Amino acid sequence: GAVVSQHPSWVICKSGTSVKIECRSLDFQATTMFWYRQFPKQSLMLMATSNEGSKATYEQGVEKDKFLINHASLTLSTLTVTSAHPEDSSFYICSRKLAGFTDTQYFGPGTRLTVL
Amino acid sequence: DQQVKQNSPSLSVQEGRISILNCDYTNSMFDYFLWYKKYPAEGPTFLISISSIKDKNEDGRFTVFLNKSAKHLSLHIVPSQPGDSAVYFCAASQGGSQGNLIFGKGTKLSVKP
Numbered sequence: 006g007a008v009v010s011q012h013p014s015w016v017i018c019k020s021g022t023s024v025k026i027e028c029r030s031l032d033f034q035a036t037t038m039f040w041y042r043q044f045p046k047q048s049l050m051l052m053a054t055s056n057e058g059s060k061a062t063y064e065q066g067v068e069k070d071k072f073l074i075n076h077a078s079l080t081l082s083t084l085t086v087t088s089a090h091p092e093d094s095s096f097y098i099c100s101r102k103l104a105g106f107t108d109t110q111y112f113g114p115g116t117r118l119t120v121l
Numbered sequence: 343d344q345q346v347k348q349n350s351p352s353l354s355v356q357e358g359r360i361s362i363l364n365c366d367y368t369n370s371m372f373d374y375f376l377w378y379k380k381y382p383a384e385g386p387t388f389l390i391s392i393s394s395i396k397d398k399n400e401d402g403r404f405t406v407f408l409n410k411s412a413k414h415l416s417l418h419i420v421p422s423q424p425g426d427s428a429v430y431f432c433a434a435s436q437g438g439s440q441g442n443l444i445f446g447k448g449t450k451l452s453v454k455p
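Which chain is which? The protein sequence lines are R and L, in order. Per our numbering, the very first residue in the first sequence carries number 6; after that it's consecutive. Per our numbering, the very first residue in the second sequence carries number 343; after that it's consecutive.
Just chain R, same shape as in the assembly (with noise of 0.2 Å):
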């Protein structure tokens, strides 16, 4: 069964307006999770690293700023998509780690933001 879920799957919203997006783990405490996002035709690209109880690591040109990450919990970390531009478009996808030491991660379903 899924170890990730997100909330919203998709999402509208006018230019200009923030919208939030959640990500939980369901089965395992998760310190870290990641945030991706992907572009139509175009690979995952992390956009950054989220941290519980500490701020989270961004990806070169990903604006911290623009894409607010809360890691409060152990299970929940939030991306907020600031003030959002059609630009902003795209596919986002949250993921954890597989329990122990490897690197597998196993994702969430994706959310679809449109920004009209």
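Think of the hints as simulated: they come from the structure by calculation, not from any bench. Since we're looking at a predicted model, the values are computed, not measured. It is possible that part of the hints are untrue.
To be verified - Below, in silico cross-link-like pairs of lysine-lysine (DSSO-like), each with a Cα-Cα straight-line distance of 27 Å or less:
1) Lys396/L <-> Lys410/L
2) Lys60/R <-> Lys46/R
3) Lys413/L <-> Lys396/L
4) Lys46/R <-> Lys447/L
5) Lys71/R <-> Lys447/L
6) Lys454/L <-> Lys413/L
7) Lys450/L <-> Lys46/R
8) Lys46/R <-> Lys347/L
9) Lys60/R <-> Lys25/R
10) Lys447/L <-> Lys69/R
11) Lys347/L <-> Lys398/L
12) Lys398/L <-> Lys450/L
13) Lys396/L <-> Lys447/L
14) Lys410/L <-> Lys398/L
15) Lys46/R <-> Lys19/R
16) Lys46/R <-> Lys413/L
17) Lys410/L <-> Lys450/L
18) Lys398/L <-> Lys447/L
19) Lys60/R <-> Lys71/R
20) Lys454/L <-> Lys46/R
21) Lys347/L <-> Lys396/L
As the list claims (entries may be wrong) - Footprint (simulated), chain L over chain R, 3 or more residues, beta carbon under 8 Å:
22) 48-61
23) 109-118
Built from N, CA and C at the ideal position, the CB exists for glycine as well.
Since the structure of chain R is already known, use the hints to place chain L on it.
Below, chain L alone, put in the same frame as chain R:
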């Protein structure tokens, strides 16, 4: 510069035959490789992985081969089934990191009945 490359954007195979999906990488520090399957509007589903200390890993119909000298890996699906039709992503990670995965652009596999 892409560190993980999937040069074939698409592949079409007849049901029952073998599907071979290829992936090349440039970073010799990668030591763990994964294949994910993805349907439209869904998150990737983990399929199979291989550590750099191995050259083959098999799980049911899926086998991953790793050629470190060539910096090449491949996913073999045999026999292919129509339900295997999806986009397959190759991913790699470097030990000692936080586990960041670097993905290829994916190969769309179509298995025809």
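We went through each hint and held it up to the structure:
With a C-alpha separation of about 9 Å, the suggested pair Lys396/L and Lys410/L falls inside the 27 Å cut-off, and the hint holds. Proximity of Lys60/R to Lys46/R is assessed by CA-CA distance (about 31 Å); at most 27 Å being required, the pair is judged violated. Taking the CA atoms of Lys413/L and Lys396/L, the gap is near 13 Å; set against the 27 Å cutoff, the hint holds. For a cut-off of 27 Å, the pair hint linking Lys46/R to Lys447/L stands: about 7 Å separates their Cα positions.
Distance hint between Lys71/R and Lys447/L is fulfilled; the C-alpha atoms sit about 25 Å from each other, no more than 27 Å. Proposed proximity of Lys454/L and Lys413/L is contradicted: the alpha carbons are some 30 Å apart, above 27 Å. For the hint linking Lys450/L to Lys46/R, the alpha-carbon distance of about 10 Å falls within 27 Å, and the restraint holds. Between the alpha carbons of Lys46/R and Lys347/L the distance comes to roughly 14 Å, so the proposed pair stays at or under 27 Å and holds.
Pair hint Lys60/R plus Lys25/R holds up; C-alpha atoms about 17 Å apart against a cutoff of 27 Å. About 25 Å separates the Cα atoms of Lys447/L and Lys69/R, which keeps this hinted pair within 27 Å; it holds. Taking the CA atoms of Lys347/L and Lys398/L, the gap is near 20 Å; set against the 27 Å cutoff, the hint holds. A C-alpha spacing of about 23 Å is found between Lys398/L and Lys450/L, which places the hinted pair at or below 27 Å, so the restraint holds.
For the given pair, Lys396/L sits about 24 Å from Lys447/L by alpha-carbon distance, which is consistent with the 27 Å threshold. Taking the CA atoms of Lys410/L and Lys398/L, the gap is near 11 Å; set against the 27 Å cutoff, the hint holds. Restraint check for Lys46/R and Lys19/R: satisfied, since their Cα atoms lie roughly 24 Å apart, inside the 27 Å limit. Restraint check for Lys46/R and Lys413/L: the C-alpha separation of about 24 Å stays at or below 27 Å, so the hint holds.
Only pairs whose Cα atoms come within 27 Å are accepted, and Lys410/L paired with Lys450/L is accepted, the gap being roughly 24 Å. Of the supplied pair hints, the one linking Lys398/L and Lys447/L holds, its CA atoms being roughly 23 Å apart against a limit of 27 Å. Taken as a hint, the Lys60/R and Lys71/R pair is honoured in the structure, with Cα atoms around 14 Å apart against an allowance of 27 Å. Between the alpha carbons of Lys454/L and Lys46/R the distance comes to roughly 22 Å, so the proposed pair stays at or under 27 Å and holds.
Between Lys347/L and Lys396/L the CA atoms are separated by roughly 21 Å; this keeps the pair inside 27 Å, and the hint holds. Only residues whose C-beta sits within less than 8 Å of a C-beta in chain L count toward coverage, and the stretch 48-61 of chain R has 5 of them, enough to reach three; the restraint holds. Given a C-beta distance limit of less than 8 Å, the hint that chain L covers the stretch 109-118 of chain R holds, as 8 residues qualify and 3 suffice.
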